[in-house]
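Can you join these two chains into the complex? Each is in its own frame, and there are hints to help.
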Amino acid sequence: MSGTTAAAVRRVPRWLSLPPLVAIAVLLVYPTVFVVAASFTRTTLARPLQEWTGFANLTSALQTEAFAGSLVRTVVFAVSAAVIATVLGTAVALLLRARGGGFGVLGTLLLLPLVTPPVMVGVAWKLLLAPAGGALTSTISSLVGSPANPLGSSTTALGTLVLIHVWQWTPLVVLLVFAALLGVPDELLEAAALDGAGALRTFTAVTWPVVAPTVLSVLFLELVVGLKVFDLVAVVTSGGPGLSTVVASFEVFRTGLRGDYDVGTAAAMTLVLGLIVGVVTAGVSALRARAARAEA
Amino acid sequence: MTPVSQPSAPSRSSTPAEPQPDALLRSEGLPEPQPGAQLRVSTTTSAAELEQLRRARPRGPHRRSPLAQVGVRLALVLVAVVALAPVAFLVSLSVRSTDDVLTGSWLPGSLDELAWGNWSAAFRTIPLAHMLANSWLVALGSALVTAVVAVPGAYVTARAGKRGARLGAALLAGYCAPPVVAVLPLFFLLKEVGLTNSVVGLALVNGLANAPVAVWLLDSFVRRVPVELEEAAWLDGLSVAGGLRRIVLPLIAPGLVAALLVCTFLAYGEFLFAVSFAQTTASQPLTVGLSLFQGDRTVQFGQQAAAALVGVVPVYVLAVVAQRWLVGGLSQGALK
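From first to last, the protein sequence lines stand for chains A and B. Under our numbering, the first residue of the first sequence is numbered 1, with each subsequent residue one higher. Under our numbering, the first residue of the second sequence is numbered 1, with each subsequent residue one higher.
In case anyone wonders, no lab produced these hints; they're calculated from the structure. There could be a bad hint or two in this list.
Stated by the list, open to error - Label pairs and their calculated CB-CB ranges:
#, chain 1, residue 1, chain 2, residue 2, range
1, B, Phe123, A, Pro131, 22 to 30 Å
2, A, Thr53, B, Lys191, 17 to 25 Å
3, A, Trp15, B, Ala85, 46 to 54 Å
4, A, Asp260, B, Leu144, 49 to 57 Å
5, B, Leu292, A, Ala291, 39 to 47 Å
6, B, Ala85, A, Gly54, 50 to 58 Å
7, B, Leu78, A, Val36, 43 to 51 Å
8, A, Asp186, B, Arg73, 17 to 25 Å
9, A, Ser141, B, Leu78, 19 to 27 Å
10, A, Ala289, B, Leu144, 45 to 53 Å
11, B, Arg245, A, Gln63, 53 to 61 Å
Said to hold, decoys possible - Covered stretches of chain A (chain B as the covering partner; in silico rule of three or more C-beta atoms under 8 Å from a C-beta of chain B):
#, region
12, 170–177
13, 228–239
Virtual Cβ for every residue (Gly too), placed ideally from N, Cα, C.
Just chain B, with the same shape it has in the complex (with noise of 0.2 Å):
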């Protein structure tokens, strides 16, 4: 058991949600900032935090009985099949034919006679490739227009007093609203400027509708620059938007990958917009597409489990290699 004396990390600040000087020294692995900005600072202190504890207690700050600790770990354990299975079922479904799923087990019957045709079978059965391609586009170019919105939507938020706390709300408002209350209107605004049936259309869309939970993000690390910096530029000469470019921009990198990181894969699997606007075969994403699977008569297991995969697995790879700046972004930005 670890001593209860055991010192607390060095840097560690007391209430994350709270900036402290001592909390804005930057961690490893997080990108450099730009040149132009002379101070290291980061706003990723949650991520920091995290790594921090990990290394420097291992054991728990605690004494607990191991019987306790036990049933702990066990219930912990427990969350992570949970969280795993309906993933590891896709898995095991897309290698097996329809007769061996029927059994209704878990796991592949026999590993001598597994399925590897399902995976080509649903490239075949829908325009599998050309759908990714859609859904990327849609998502990369979403997250663009966000990024347009959201850096200055942060800043005014974040630096224009009641002003700022006005357009907050208003965005706020915004998010709340179900998507569905402008489907109708954007179906027949998309119609007349030409963008039914166009990737184009649904990048600009889900651009624009990601752009409250990114400002909702940033918000919070914008904050966190201090206004000393700016008005050191302003005397230097620069305009209040380029302080914004060039030394608040640079300090919130880590905050604003996160927050594009969020709208990209949200938009990648939005699904309503996609439905409505989408109806050519050409222009639809894949989430549309998996949705056409659900017509057929007969399940397809197998080449369902495939395509599911085939759009689920790059978001996975892409959250796990960006973990760090997820959890520090989402856990900072969304705690006010």
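Bound conformation, chain A alone (with noise of 0.2 Å):
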């Protein structure tokens, strides 16, 4: 790595932050002092901040029945979907590896699903699961003997979402593990190999320190991923059947940019997500930290 010098540091001029901490300003700063501001004020859409209301809106907010429920969805989606994305993933990239060579033609086909837009990964989705005319829901009927509909009932529906999202996002793991196995040196495998090691031995001993930071870093993508969920609830489910699919991303805009438009709620609602984001990221962040500087 071509070191900078203390010099070279100080001489990089203060005007270039300038436009990245205008986006910060606009898309971090700003939200959360209005999100702060509007969850103890009285915001209807014509006119936000009118007046001092104390703790109306965040009690307004834990009192919604589907709110609640929706945070714990939220980290549930998040959690279950990274961790499926990330073993699935790397299985395939060590798939690959055995395989030898490079992406090939599979590295193509990985990345039409990362490419697609959710919205559409959702229309494709709904189709395939429609209780009348999918084929994957008809294929499934026919395998299981009784009719099938998984988006349709209120205790599969949000495990179905996590698959989908899952075959959206697997692909981002396969393509980084997949570069970080290359890494791995041919000579220790050999060395391994020399050595008798079966192919399990080989993996936990050579393979698995060297690809362990970036199989965490995938980990910590897919949950960031994972907890800004919405547009797959949006387009398959619109929350239902029930409340049993309602993300918190999806509560925070059908009340505040929907329904009623109960702005003054839907902001105490962002802040108490806001929050809980917040504590999670940062604490997997921090445990992320701590192992990579145990593995050095």
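Okay, here's the thing in structure tokens:
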């Protein structure tokens, strides 16, 4: 790595930071201030921040039947999707490495789910899983011998959304972990083989230590992506059946920008959601940093 | 079986995440650095390595039983089928009548009665052409905004020591926050400046929102530019900003292409901001248009599939054409 000298650091002019600071101000600082202010005032779409109302908005948010559940669903969704995608993606990357060669045609195919806009992903899977006419539902139905409708039941709908999300986001794991696997020195693998190590032993002793930091980074990335989920829910289930797939982002949206346009309550929900996401990501991020230090 | 002792590719470095002198060789097929940059340096080592690896070692590095190889291949074929099935089903749906679709089969019942009319009907059911234009305007406009923010941003995070690290942390926080946190505040901000129901407003918001991703991807590309090159330019009287433009920018071009492609795709597919800030048909991008199909009582399978494909196919073409940059940029930029 080309060393950046202290003199060079001093020479970087401050105004170069201005464009990214504007982005941070518009997307992080201003929204945070606004959300806090709107949480404690009466706010409508026509006139924001009218008068101080204390904790009325927060109370209303926490008393909303759907909201507490939506927070739990968001965390469950993000954690399960991140874990499944990371495990599956790492497995596929290992398969690719075992096959030998580069990405090839499969790499090209795997790019497609990744670049498909989530709305289109939702449309495709909603059609695949339509109770009448969905090819996947009719295939599952003939396999299990009774009519299947995974999106129509409140016990399976959220899990189905998780799998759709996993379909879209596993390829990123494959891509990044495979690139890291190319960094495992062949000499080590050959030495391990000569020493009579089996596939599992080679993986735990040689491969894993090299790719572990990448796998953890990818897990973190997938967690962040999962916590943002909105599009799939909006397109595929609109939160139903019942409230079974209402995630936090969707709850904020439908409270503040649909229905009664209850902006104050939506702002209070946003505040709670922001705090939870902040705590979760900061916690995981700290764990990751500790793991990285332990490696070094 | 390929013998174990086969020599590995000549310039393959053992750790792609770490730049080495020979890894900075230019690989073919990448764009020429702009005139002015005399060193032929490329930073898409990973893409180049993938290519070299594919050529040099078609069989894999280790001896495996033929049975295991067959198992590995079968599993990968299964992965490919799962990756492709939903898109393939869209293609199938787009040329079938509703009656045919309701049989629940994956493929058209008869090749003689394909319902090509779905495609033109989709353009009538929603203003598809207009919305597609909006989507691309938002995507390309936002990529421009992202570039203006991310190039100096990545330079600061890579070169400005502690100050850069602080900026990087703030940008990461901005990326981790769910976009819904910004929706209500930005709605009022855009309303205040008259940019709701506006393609320009969406391009601005998306451009700023994607900047952290681009900075994150570009950072490692900037770090690989030898600082000595810049120092030489400074001695010749160039300012730091001048050096960024004349020396660094041409050298990080492959990374910039990758980062802006990723951000173009992100903005093109963005939905939450679009559905919140664009209430008029004139300003709505395709993602919103597609969600409007949902309101119908009878599911228009064929039309919906055709409309989704109209939106997705250009992205696929772009992704496949630019695969080399995308894979190189993602795998190198995201791994630190």
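Results for each hint:
1. B:Phe123 with A:Pro131: 22 to 30 Å: holds (28 Å)
2. A:Thr53 with B:Lys191: 17 to 25 Å: holds (22 Å)
3. A:Trp15 with B:Ala85: 46 to 54 Å: The hinted range 46 to 54 Å holds for Trp15 of chain A and Ala85 of chain B, with Cβ atoms some 51 Å apart.
4. A:Asp260 with B:Leu144: 49 to 57 Å: violated (38 Å)
5. B:Leu292 with A:Ala291: 39 to 47 Å: holds (45 Å)
6. B:Ala85 with A:Gly54: 50 to 58 Å: With Cβ atoms ~53 Å apart, the hint holds.
7. B:Leu78 with A:Val36: 43 to 51 Å: holds (50 Å)
8. A:Asp186 with B:Arg73: 17 to 25 Å: holds (21 Å)
9. A:Ser141 with B:Leu78: 19 to 27 Å: holds (21 Å)
10. A:Ala289 with B:Leu144: 45 to 53 Å: violated (34 Å)
11. B:Arg245 with A:Gln63: 53 to 61 Å: This hint holds: roughly 56 Å between Cβ atoms.
12. 170–177: holds (count 4)
13. 228–239: holds (count 6)
Of the hints listed earlier, those the structure fails to meet are numbers 4 and 10, in rising order.
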